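6 protein chains.
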Amino acid sequence: MEEDLGWGDVTTDSTISIDAKIKGFFISKEQGVVCGMEVCKRVFELLDSSIVFEILIKDGQKVQKGNVLAQISGNARSILKGERVALNLLQRMSGIATAANNYSEAVQDTGARVVDTRKTMPGLRILDKYAVQTGGCYNHRFNLSDLVLIKDNHIKAAGGITPAINAAKSKLTHALKIEVEVETLEQLDEAIEAGADIIMLDNMSLDLMKEAVQRVKGRALLEASGNVALEGERSVKHIAQTGVDIISVGALTHSVFAMDISLRFL
Amino acid sequence: MEEDLGWGDVTTDSTISIDAKIKGFFISKEQGVVCGMEVCKRVFELLDSSIVFEILIKDGQKVQKGNVLAQISGNARSILKGERVALNLLQRMSGIATAANNYSEAVQDTGARVVDTRKTMPGLRILDKYAVQTGGCYNHRFNLSDLVLIKDNHIKAAGGITPAINAAKSKLTHALKIEVEVETLEQLDEAIEAGADIIMLDNMSLDLMKEAVQRVKGRALLEASGNVALEGERSVKHIAQTGVDIISVGALTHSVFAMDISLRFL
Amino acid sequence: MEEDLGWGDVTTDSTISIDAKIKGFFISKEQGVVCGMEVCKRVFELLDSSIVFEILIKDGQKVQKGNVLAQISGNARSILKGERVALNLLQRMSGIATAANNYSEAVQDTGARVVDTRKTMPGLRILDKYAVQTGGCYNHRFNLSDLVLIKDNHIKAAGGITPAINAAKSKLTHALKIEVEVETLEQLDEAIEAGADIIMLDNMSLDLMKEAVQRVKGRALLEASGNVALEGERSVKHIAQTGVDIISVGALTHSVFAMDISLRFL
Amino acid sequence: MEEDLGWGDVTTDSTISIDAKIKGFFISKEQGVVCGMEVCKRVFELLDSSIVFEILIKDGQKVQKGNVLAQISGNARSILKGERVALNLLQRMSGIATAANNYSEAVQDTGARVVDTRKTMPGLRILDKYAVQTGGCYNHRFNLSDLVLIKDNHIKAAGGITPAINAAKSKLTHALKIEVEVETLEQLDEAIEAGADIIMLDNMSLDLMKEAVQRVKGRALLEASGNVALEGERSVKHIAQTGVDIISVGALTHSVFAMDISLRFL
Amino acid sequence: MEEDLGWGDVTTDSTISIDAKIKGFFISKEQGVVCGMEVCKRVFELLDSSIVFEILIKDGQKVQKGNVLAQISGNARSILKGERVALNLLQRMSGIATAANNYSEAVQDTGARVVDTRKTMPGLRILDKYAVQTGGCYNHRFNLSDLVLIKDNHIKAAGGITPAINAAKSKLTHALKIEVEVETLEQLDEAIEAGADIIMLDNMSLDLMKEAVQRVKGRALLEASGNVALEGERSVKHIAQTGVDIISVGALTHSVFAMDISLRFL
Amino acid sequence: MEEDLGWGDVTTDSTISIDAKIKGFFISKEQGVVCGMEVCKRVFELLDSSIVFEILIKDGQKVQKGNVLAQISGNARSILKGERVALNLLQRMSGIATAANNYSEAVQDTGARVVDTRKTMPGLRILDKYAVQTGGCYNHRFNLSDLVLIKDNHIKAAGGITPAINAAKSKLTHALKIEVEVETLEQLDEAIEAGADIIMLDNMSLDLMKEAVQRVKGRALLEASGNVALEGERSVKHIAQTGVDIISVGALTHSVFAMDISLRFL
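Chains as they are written, first to last, in my numbering: chain F, 862 to 1127; chain D, 862 to 1127; chain R, 862 to 1127; chain W, 862 to 1127; chain V, 862 to 1127; chain P, 862 to 1127.
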């Protein structure tokens, strides 16, 4: 907020009288899943508690081009000052929710869940993750302290999958799950043997994934990762049909199309 | 940073010994314009001042798939902890710089400049604006206090373009420029008459823009805005050829494709 | 606030009962222009939202010795704790507004504006600048990012006035004005030629200023600076009568006489 | 610092090359007592640790017009960015130290000490108090928690001097002194009787002060307060000669003349 | 608070519906002196201003096992999120108040006061000191700036008790008291002679303390310190009976037994 | 740190010369497990980077009365200012580590682990948890976001153990474990059936715990909680011998005996 206001909004303060009132509408300019309405409302409340912001479409609802999402009225200066920050957040969060919704629908007849990753913008993670949920996908871990995720580099440094898992088990709280990233079926077997709770299949072919599902027989959760798309050969739907439990998609939060939403005044 | 580390990186702390060393390379996985190398270096320095981060490709240089951008070596725990944050910033900033470079090249034989807008992510504006410059475009104003930008809503509230400009001139410091957004040639004439320094042509057709350039004859800067694309009928190049001085493109910072860059360890 | 309270106001907490009520008046002890009443009210509100603070004289009004500026009532402990901070701010801001009013009145029959400078106390700039406006003067730029102000040292380093202006124009946003500080008429000519928006006449004699006004003929704003006083040979009035547009006075905010205002309890 | 830089110093960044070096001198433009050299050095160090700032005149030394106080050299951009903040602090602190020095010299043949008050600018108290010491005066309490100072309003609320002192003694730590403000000799007697450590004689005539000194006979410290000037009937010297121990002067920090000091580059 | 919530309370958010209501009681599980009720109320208010928290037992009252201290009702998610932080504070503060009460009662027929020390946990000092008062003891100084406390190490460095006291007197504000730590009666005599306000008898035997009281005859306050217990040979009561004014007990805040208090829901 | 220094250490600053040097030793006054040496070193480094702090006994080592833990030398003022904060942290952390060590040794021949709880002091959790590890025990979860812990109140609100677990599974990330608190064997069966990862046996008798171990047969981790002591009928050893996996002990961090450690100067 401060970042945007600097020393104040010189245009608004000089051209709009201090007690002018204004009324406006947030309107979708394309179809998508709305997300961020409460955050948007909060932005205006923080700026001026007398602003009335009425939410007409709740987070998670689908809208078409031209729907009225919310109605705002109150002091003109305050509303014009908050406009840009509110729209930026609303457009980004709705963009994420819309993408998440597409992925979610693609896997709906399978048992798989689509999850996000830690590839979020610094400072915005909690909002990004909320938008993912709103669109019907799930969150992976939030940060580096709520899951043990042993990747290639950890395995190298620890001297193998088994020693890495053993090290984690002997030093850490029993309350955390342990996930291991594997690239081959041999590594998969070793991880299962060593007691991993979740196994990430990194960039595996669809055939190998099917084989992995057969071998594991529910002894651990299987997560597919890498090069997941909405359409095509390696679509999220095809991956889901291999029988994996989880499919992680970094693009959900790191390549975001802002949804087009505008604020129109009467 | 804190956001990502939470209570610490449990995986790294349990599987990697406290004094293990590691060496790795930042590699581009697609072509583009690199941006954020210094920021990336700073992230690691803040985490552990003994990390050696050698920049091989400076901000602003074009790279192909497979180029080595930087080399990092030092304590394995520290490097693995900073990896995600550093990559997120580097990928976003390089994505913006690459897009800016495309726009910049499209107008290079005209006298026009492409500029960004305030449509940036909260908290990241200074980095986003830097990436725009790195790609060869220019920054518009930074915040609401460094330019008077009179838009439709201000004009309505002030009772017309002339009263709005007069109000700004009589109340504000002489050190700020005044920009007015217009939609018709009549408004353009009125803004020129009232002494605007910059005039924004909002969503005007190419023909109207040409006409505007004729009328103004250098008495103010003309800025084209709205629905600007890289290709097609209304491409940035076609707009530049109308003779306008400035073309503002919101998409530079609000619909960002992260450039694919990875960190590989030996 | 914290700075003043430390671990708490031991005197008030030990000698005044926790629910004692008190009523008092802010009274001017000398004539001047009042400024800071809203800030003062805010200080008490932050301390204790149940305090009733009624403003009787608004910011910008002139008062004589003995006028009642505001009435305060509420919890005695809270009021006594906020007293010192509130009075310090009110006395300083009213002191600045009073000085600004004197300067403003001195130029009122000319076309010139008196403006302040960046010579404010760290942390108080926004309040100081507001007090300047309240007294009838104008603000110059707020900080180093909202105007290009090329001074002697920049000119030396850039290799002359023309290269300095060209550098600024080619690298910076079109949205900022460019001001150049000159000491001679030759420099003035060069600055005009290079396209400066504002020209600061640094410590020039009255005669040279008149000559400068003739030469420029409205192509740029002229700002007089240096050794400006209320009275005497080089008074603000005499300078204004040379025809310059702007007169900047550092003393407005960097040598402040606190106006004598006290808080009297019934 | 941030307040002054905003989004960056656009003038310096566009006109000065990134690796230009500069060398300059801080010079006194009038006589006075220098204060703030270390703070000034720190400002530049925080901005750019490679700046070399050599202090030639230490805090507390008297200078004449034209003395060189310090020499600075290093990156031109960094130095120009810090210039204004450094000079504002140096000018204010030296102004305070100079005034404090005048007061201190006026009482030097008496046993009295001149002290400051809490009338400082918010955020700057620690620097203001340091400047007072540098000029040869003493500090009164720092904040509301390190001395019990019972004033008129506390006495009214507590039902008299004796009950107020008793309340403080029974509730507070033994480690704090108790000061009482009195206006008459009867109140003085009551305060002594009740065990006050320090007694403030508020706006008393010189004759009454002498009488007070006689009565108290060293059983408490006596502090004169109100309308103290450097010259005239009620000068600090005359007050000191009555035999009081302490003389508090609010003007030391609340009506400050900035000392004229400039930064000249080669 | 943040420390405890991390990214949110995943259990509560997933198992309790967003508008569920709950009602509960804070109940003492052992006898003691209650302290922290207002702080506890504030914790919940900050979390959710619609929570109703009714205090039934005020800070400072003694309770038995099974007493209901407070009643809370409101949104179930909010209450469950604040539970742990509120209980931790309430249990610690009541533990301190209970210990303070035991010490206070032990000296109640003597003229001595029991005081705490600076041995508090970082960040919690103001709450710890408040709990000490609530239990009937007194606070010593709050921090290093509100009392001159000359200890063994200062004496060594300054070259003796007299030079140390003289240094403090000549450099510091008159508003602070001076306390000196002594180990022998010779040191005691020197401290009295040099004008100490308070003298700390460090680890002296009961007999030496009695002797010290005789010698000082009220010219300074005497403080006993070191190895004070509730019971036994060197009990606080025996020490108080020697006639010293102050007894400082570090254990009050640095070895705390949390009082057992629970929150039971209907 | 700030909390302790207030406006500065008036004693040290007035009695110790600004360049005096000092050397001292940290000495244990009783036996225990040392913890906090690195934190202690960091406190002094932050205060004055020229202080030399040599750790002689590392965190986790057992010491006897009279052992020298560390040696410190450097500027006397800086060392004396940091003394209290450093000792408070060292004493508390060593107290916790010593207690943790006693618990850890008591269960060493069983397969059980002793873990802490969230009952830590606000602001100190990360240090408290580290001290627990240092003494040989384990950490339970860090905060409310890294484990689903379904307690009595959640079960009531969700309508039973099964619906509560199902709600958590359907809404939350797959990356978190689910723990349920049970009081009877029937609840235990239900929790196992519903797929809990960890089951907390709340205040169960030793016989019931043995029975629980039999029934669960390794399908979930079992955690004993409530009224755990070092000695007696319900000692941590007896509980461990029932075969449970985890024993949680709140007293580890919420009723802390500071270990007696002092700083002696030469």
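Honestly, I wouldn't trust all of these hints.
Treat identical chains as interchangeable: a pair holds within one or across any two.
[Said to hold, decoys possible] Taking lysine to any residue and the SDA-like style, the derived pairs with C-alpha atoms no more than 25 Å apart in a straight line are:
(1) K1078 with R1095
(2) K1030 with S878
(3) K919 with N963
(4) K1032 with L1082
(5) K926 with R1076
(6) K902 with N1088
(7) K1071 with E899
(8) K882 with D1068
(9) K1030 with N1000
(10) K926 with N1027
(11) K890 with S1031
(12) K882 with M1070
(13) K1098 with R1076
(14) K1071 with N928
(15) K1030 with V1077
(16) K890 with D1013
(17) K884 with M1070
(18) K1071 with G935
(19) K890 with L1091
(20) K1030 with K1078
(21) K1071 with D874
Calculated directly from the structure, the hints in this document are not laboratory data. If you're wondering where the values come from, they're calculated on a predicted model, not measured in any experiment.
Verification of the supplied hints:
1. In the homo-oligomer, the alpha carbons of K1078 and R1095 lie at most 25 Å apart inside one protomer (23 Å), although the nearest pairing across protomers, at 42 Å, exceeds that limit.
2. For the homomeric pair K1030 and S878, the shortest alpha-carbon distance between copies (15 Å) is at most 25 Å, but the shortest distance inside one copy (65 Å) is not.
3. Within a single copy, K919 and N963 get their C-alpha atoms as close as 18 Å, which meets the 25 Å cut-off; across copies the closest is 38 Å, which misses it.
4. In this homomeric assembly, K1032 and L1082 come within 25 Å of each other (Cα to Cα) both inside a single copy, at 23 Å, and across copies, at 16 Å.
5. In this assembly of identical chains, K926 and R1076 lie within 25 Å of each other by CA distance neither inside one copy nor across copies; the values are 48 Å within and 37 Å between.
6. When the C-alpha separation of K902 and N1088 is checked against a cutoff of 25 Å, the pair qualifies neither within a copy, at 36 Å, nor between copies, at 28 Å.
7. Taking the shortest Cα distances, K1071 and E899 never come within 25 Å of each other, neither inside one copy (42 Å) nor across copies (43 Å).
8. Neither within a single protomer nor between protomers do K882 and D1068 lie at most 25 Å apart by alpha-carbon distance, with minima of 63 Å and 37 Å respectively.
9. Proximity of K1030 to N1000 under the C-alpha cut-off of 25 Å is found in both arrangements, the shortest distances being 24 Å within a copy and 12 Å between copies.
10. For the identical chains of this complex, K926 and N1027 are neighbours neither inside a copy (54 Å) nor across copies (37 Å), given an alpha-carbon limit of 25 Å.
11. Taking the shortest Cα distances, K890 and S1031 never come within 25 Å of each other, neither inside one copy (55 Å) nor across copies (33 Å).
12. Taking the shortest alpha-carbon separations for K882 and M1070, neither the intra-copy value of 60 Å nor the inter-copy value of 34 Å comes in at or below 25 Å.
13. Taking CA atoms no more than 25 Å apart as the test, K1098 paired with R1076 passes inside one copy only; the shortest distance there is 21 Å, against 41 Å between copies.
14. Taking the shortest alpha-carbon separations for K1071 and N928, neither the intra-copy value of 43 Å nor the inter-copy value of 35 Å comes in at or below 25 Å.
15. Taking the shortest Cα distances, K1030 and V1077 sit within 25 Å of each other both inside one copy (21 Å) and across copies (21 Å).
16. Taking the shortest alpha-carbon separations for K890 and D1013, only the inter-copy value of 19 Å comes in at or below 25 Å, while the best intra-copy value is 44 Å.
17. For a Cα distance limit of 25 Å, the shortest separation of K884 from M1070 qualifies neither inside one copy, at 55 Å, nor across copies, at 31 Å.
18. Taking the shortest alpha-carbon separations for K1071 and G935, neither the intra-copy value of 58 Å nor the inter-copy value of 39 Å comes in at or below 25 Å.
19. Taking the shortest Cα distances, K890 and L1091 sit within 25 Å of each other both inside one copy (23 Å) and across copies (21 Å).
20. In this homomeric assembly, K1030 and K1078 come within 25 Å of each other (Cα to Cα) both inside a single copy, at 23 Å, and across copies, at 20 Å.
21. With identical chains, the CA atoms of K1071 and D874 are never at most 25 Å apart, being 63 Å at best within one copy and 33 Å at best between copies.
Of the numbered hints given earlier, the model fails hints 5, 6, 7, 8, 10, 11, 12, 14, 17, 18 and 21; all others are met.
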